[in-house]
Amino acid sequence: MRLQQFLARAGIASRRKAEELIRAGRVTVNGQVADLGSSVGEGDVVRFDGERVRLPQRKVVIALHKPAGVTTTKQDRHAERTVYQLVPDVPGLHPVGRLDRESEGLLLLTNDGDLTERLTHPRYGVRKVYRAWCRGGEVSLAACKRLVSGVELEDGPAKALEAKPMNGGARLVMTEGRKREVRRMLKAVGYPVERLVRTQIGMLELGGLKPGEWRYLGPEEIAALTAEPPKPKPQRPKPQPSEPAREARRPRPHPAREKPRSTPEAPAKPRKEAPQPKPRAAASENPADRNRTQKPREARVKSQREHLPSRKGKRSNH
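For what it's worth, my numbering labels the leading residue of the sequence shown as -17, then goes sequentially.
In case anyone wonders, no lab produced these hints; they're calculated from the structure. In this text, all values refer to a predicted model and were calculated from it rather than measured experimentally. C-beta atoms are modelled at their ideal positions from N, C-alpha and C, and glycine is treated no differently. Incorrect hints may have been included.
Straight line, CA to CA, 20 angstroms or less: simulated SDA-like cross-link-like pairs of lysine to any residue [to be verified]:
| no. | residue 1 | residue 2 |
| --- | --- | --- |
| 1 | 169 | 149 |
| 2 | 141 | 189 |
| 3 | 146 | 184 |
Simulated DEER-style distance windows between Cβ atoms [claimed, not checked]:
| no. | residue 1 | residue 2 | range |
| --- | --- | --- | --- |
| 4 | 124 | 24 | 58 to 68 angstroms |
| 5 | 55 | 195 | 34 to 44 angstroms |
| 6 | 134 | 21 | 38 to 48 angstroms |
| 7 | 139 | 196 | 33 to 43 angstroms |
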């Protein structure tokens, strides 16, 4: 196998860091300073800074609740306490990523370099969730949008995968872990961090671990850490129906409700005018003329009596 892969599996460093160690001349193979790209077999003796490097017999992953004030390093003469004082002494044990001295929360340590590479390299996009309490209180929605769109830092642009306002600060989801990145991003948008806790790595949560406590991870938890998140299924565009099919699916109106089709209007027939009443002859002012046109009252009464039924043969009771 490649020398950098051998060093990673031995827990010395990740593959990228192992390449830097090889370039620096700190690694030897069979007494000779190794070159980048060298291969290692079963009988080869590999040393790092003079100490022999062996592959671990058993892979170990430890979850630690790192307290504030503890340094994530093995060799730091200025550090009062390190994480190695809190966990068992396992050959090749190294932290998976880092938390700065004042930050708290979930920290993984392992002797499996391949796992370290899988969890720390940006191309794998492993999610890390942070809960921050800020000096300015709850981070505004506008500032969270800036964190997601990206802010400019001294070592290049940085952005969060998610950012959400929370009581007293914010919740951030990151996929990379540059030095003090979360603190610098929040400071860039006007919210300096007072307290920072990492609550989740991948699918693994901090859970009920109290500051300073640790536990070994089981095989299922390790497998869940390395499992790739499910990718969303691509949505296929719905096929558009052809014109005949669209016409066939169009609802037909009920025959009884169907409106008659419009036909060109026939020319209207002229209406017959109603006959006008004949004007009455004006009444004559001469009394003699009136007497000629009207019967005398006695003649009219006599005429009416002639048309009444006969009352002969009937007696009156009165």
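Earlier hints that do not hold, by number: Failing hints, ascending: 2 and 5.
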